[in-house]
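All chains, please: the whole structure from these sequences, using the hints.
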Amino acid sequence: MAWEFNVLDLIQQLPAKDFLNVLMPRISSLGDAGLVWIVLSVLLLLFPKTRRAGLASGIALIFMLITGNMILKPLVARLRPFTVNTAVELLIPPPADFSFPSGHTYASFASSTAILRNNRRIGSCALVLAILIAFSRLYLYVHYPTDVLFGILLGILAGWLGNQAAKTAWKRFPRHPQSRGTRGPG
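Residue numbers (my numbering): 1 to 186.
Treat the hints as calculated values from the structure; they're not laboratory data.
Note that the structure is predicted; figures quoted are calculated from it, not measured.
Any given hint could be a false lead.
[Unchecked claim] Using C-beta positions, here's what the derived DEER-type ranges look like:
(1) A169 x P15: 39 to 49 Å
(2) T83 x F47: 25 to 35 Å
(3) P48 x T86: 51 to 61 Å
(4) Q164 x T86: 19 to 29 Å
(5) D18 x Q164: 43 to 53 Å
(6) I131 x M1: 22 to 32 Å
Note that beta-carbon positions come from the ideal geometry of N, C-alpha and C, so glycine has one too.
Take a look at the structure:
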């Protein structure tokens, strides 16, 4: 665990600290409760060209919520780094839940992976945001590097599973139900 504090402390010494102290809390807040990813999933569902990406992302986020927040966090019950190293001054209100895995990172990579598989342009932008959110959690000293690493890995897995489920649903439920072999009059 000492190496993880070394990494966090090294991140704290990055140049442009004044700029990062303003930017990182804002970036991190985009991932609060997965809201940016939920909104993006809903928006993608609204348009036929991106509907499958929205469905895959939504499924991935549900999988993340169950496995990450409801199962892993309470099961592992890892204290956050700022509770161990109390000398660190937090830039955000202290999160009340456990540290492992990083929920912000898990949700970000679950959604961005699901979207990327279906739409490269939107997915690439989502992946950049996911990386920034993951880094912000380290910069803000609210997660250990392994929390973020496992958040990334589990998120990629959730995104893949979301895509598999969306692909199955896409095949099972035609996009145009009115064209299911029924004939009109005449």
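Outcome of the hint check:
1. A169 x P15: 39 to 49 Å: holds, 48 Å
2. T83 x F47: 25 to 35 Å: violated, 44 Å
3. P48 x T86: 51 to 61 Å: holds, 52 Å
4. Q164 x T86: 19 to 29 Å: For Q164 and T86 the Cβ distance comes to about 44 Å; the hint is violated.
5. D18 x Q164: 43 to 53 Å: holds, 45 Å
6. I131 x M1: 22 to 32 Å: holds, 24 Å
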